[in-house]
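**Q** Construct all of the structure, not just a fragment, from the sequences and the given hints.
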Amino acid sequence: MAKANAMNPGVAALTTAGGEHNSAWLFVLPALLLSLSVVAFPVAATVMFSFTEWNGLGTPRFIGLDNFEAMVGEARFWTAIANNFIYTAVFVTVPMIIALVAAALLMLIKAGRTFFQVVFFLPVTIATIILAQIWRGMIYSPVTGMVGWLQSFGLNVANPLADPSTALYGILLVDIWHWWGYLCVIYFAALRQVDVSLIEAAFVDGASYVATFRYILLPMILPTILFMLLMTVIWSFRVFDWVFVLTEGGPGFSSEVLGTLAYKTAFQQMSVGRASAYSLVMSLLGMLAISIYLRVQYKSEKQS
Amino acid sequence: MALSRVTRRLVLAGGAAAISFAAVKADAAPRRVVWWYEGATAAQQAALDKFLVKPFNESQSEYELVIEFRGSGLPDQLLVALSAGSGPDIILTNGPAWTQRFVTAKRLLPLNDYAKQFGWDKRIVPFMLGMGTYDGTMYALPKTSETQVLFYNETLFKKNGWQPPTDRATFEALAGKMLKAGISPLAAGNAGARFANRHYVGASFSCYAGPDNVYKALSGQLPWNDPVFVESVQLLKDWWDKGYFGGPKYFALTMQQAFALMATGKSGMALQGSWAFQWVDETFKKTGQDLNWTPIPKLSAQVPYPVFPLGIGADLAINAASQVPEGAARAINALLDHKFIIAMSELWGGEWDSPLVSPPTPGENLDRVTALAVKLNYETTSALQHKTYGYAPWTFWPARTDDYMKGGMEEVGLGQITAKQFCDKVNETFQQDMKDGLVKALPERA
Chain G
1232 MAKANAMNPG VAALTTAGGE HNSAWLFVLP ALLLSLSVVA FPVAATVMFS
1282 FTEWNGLGTP RFIGLDNFEA MVGEARFWTA IANNFIYTAV FVTVPMIIAL
1332 VAAALLMLIK AGRTFFQVVF FLPVTIATII LAQIWRGMIY SPVTGMVGWL
1382 QSFGLNVANP LADPSTALYG ILLVDIWHWW GYLCVIYFAA LRQVDVSLIE
1432 AAFVDGASYV ATFRYILLPM ILPTILFMLL MTVIWSFRVF DWVFVLTEGG
1482 PGFSSEVLGT LAYKTAFQQM SVGRASAYSL VMSLLGMLAI SIYLRVQYKS
1532 EKQS
Chain S
13 MALSRVTRRL VLAGGAAAIS FAAVKADAAP RRVVWWYEGA TAAQQAALDK
63 FLVKPFNESQ SEYELVIEFR GSGLPDQLLV ALSAGSGPDI ILTNGPAWTQ
113 RFVTAKRLLP LNDYAKQFGW DKRIVPFMLG MGTYDGTMYA LPKTSETQVL
163 FYNETLFKKN GWQPPTDRAT FEALAGKMLK AGISPLAAGN AGARFANRHY
213 VGASFSCYAG PDNVYKALSG QLPWNDPVFV ESVQLLKDWW DKGYFGGPKY
263 FALTMQQAFA LMATGKSGMA LQGSWAFQWV DETFKKTGQD LNWTPIPKLS
313 AQVPYPVFPL GIGADLAINA ASQVPEGAAR AINALLDHKF IIAMSELWGG
363 EWDSPLVSPP TPGENLDRVT ALAVKLNYET TSALQHKTYG YAPWTFWPAR
413 TDDYMKGGME EVGLGQITAK QFCDKVNETF QQDMKDGLVK ALPERA
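Just so you know, the protein sequences line up as chains G and S, in that order.
Take the position in the first sequence, starting the count at 1, then add 1231; the result is the number in the numbering used here.
Take the position in the second sequence, starting the count at 1, then add 12; the result is the number in the numbering used here.
Derived by calculation from the structure, the hints in this document are not laboratory data.
Be aware that one or more of the hints could be misleading.
[Stated by the list, open to error] On the chain G side, residues computed to face chain S include the following (Cβ under 7 Å):
1. P1395
2. Q1499
3. Q1500
We put the beta carbon where it would ideally sit given N, CA and C, even for glycine.
**A** The structure is reproduced here in structure tokens:
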């Protein structure tokens, strides 16, 4: 260590007695300040407002736990929570599997890899509102969409967004369609980082491609998968745009999620205090996911 | 001599200063008056520019009117901006229920002085003006008066020998005939606009429960779960079950798409508001079929006929933080100009119907649709004079109750809750709103 430090005076300066921690803080400080300024204040404000009755304009009135008491007694809140869990459960499985399979298949082909990556990745580069309108108008609409075109041939096809039992899945289909390609490109990039000699060794030992994928490639990209899993869970819990544009949480309240409930409560009912309580629950669920991820990561690092 | 030289110099210096000041003043750029508007098509934006912005800016040099089209997110943006003490000079709210929040938070400028200066208090229908007045102080002007009626495809009616319905019996009989003929009775859809749900609640409340009962409920004298309101909602549910609203297609069609179906004869009628005139160019004018309207049928024996559910589509107010309130007031005043209203109504029907005591008299060579819109505008004014008006939810119901009705009515249609449960929840929410002082006091009907 001393030898290495002698060769690198910068590192030596960092690790002098007592200086290591101070210097590390200096490096972290800019990002920390930025993060605190754009995250800490809204978080603190949300927590504070969740204990108040406030219409977003006047003076907030402290009401203790009233917002939370009313929230847990509200059927719409539990519908939203249930929908968030369904959304997350589907979202951390279906696009993940599709993306992994597609990435594994991309590894098998030589020509056209770039083309497929571009095609798969394309939806994620287009604004949500545009994609949602395309799906609503060109796919799902019984007048201007593919659903209507199929219906004109007498096929019994319905717009999933119009039925309370399928509305959430209709939204999920659009979101999965837009998201899996992104995951695929990330996984493919991770797979390409795997040491080729390991793959070659497996083939030399007679392993099939499936076995190689299962025992060599998959474990090697596990950190990437876990990270994307965490991000997907967080994004699932804060889903808002797809639901709002496609159904506004309807029909009835059948596709309501915490994000749309909080938004409507704040901006349509002008109950910002209550909306803050919903948002706090969303944040806590996200934090729970992060805690689980960090624990899993810590364990895996400890094992390795 | 020395004194006169000094005096001469002083006079010269003063003159030069005065000339320079005048020159600077003359060169000073006009002060911007910013108005955030909702979404508008390119043609509508061009019309506003041609008939409002340019004439206003050319008529004087002190102010420059700038309209920013903010889309459907305007209410959210206004809430955030006004909360932070900023925002545009001219405030366009969704109507009295929204305006009241801004008034109680002291974000709007009192308009009484401007009302006297520009004669608004004499030019605008007192009932509508009253909706923007709080404890004697005027804070908002009604931008557009809106009315709900029953539109119908006249070509289809003539072809089948049908007469416009006037009561529940004739309406339901006609709807039955349409269903048998494979025609959807009501052109209805709420995709991307779930607020459309409570258009039907408002129509049913006004034309089944009756405007007197609605007035009592809005004044806290009658609960919203009174049987007369439960029956009103149940009526809508029965119509839903019979397929009058088109079944699941209701959730898949936008309001305009549904209206377009009426223009092709696939739907026969539409319980719509006066704003529907803005869709005619893209629908009836393209199919070549004729549109007409009739008052909403009398849905129960107890209510008068006709009843026109009235609403205010939007309120105009001035930001309390505005640095150019005089300019904002002048721009608002320009919207009441007869020439402007006539020009805009021909291009953007149903959006610029200011509730004036003396509405403009359009030229005689009106096209058929504009004549229909003008006739409806006159009926609206007449309904106010003769007390035959009803109440549109988006104007008279507080925001929280109004918001519940959007989703709650869908639950009734889908059979997830009963009409009684819906009315119980409406009543519970409304009573809380009333307790919180969020219900606007109404002018008496008598």
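**Q** Please flag the earlier hints that this structure goes against, numbers listed from lowest up.
**A** none
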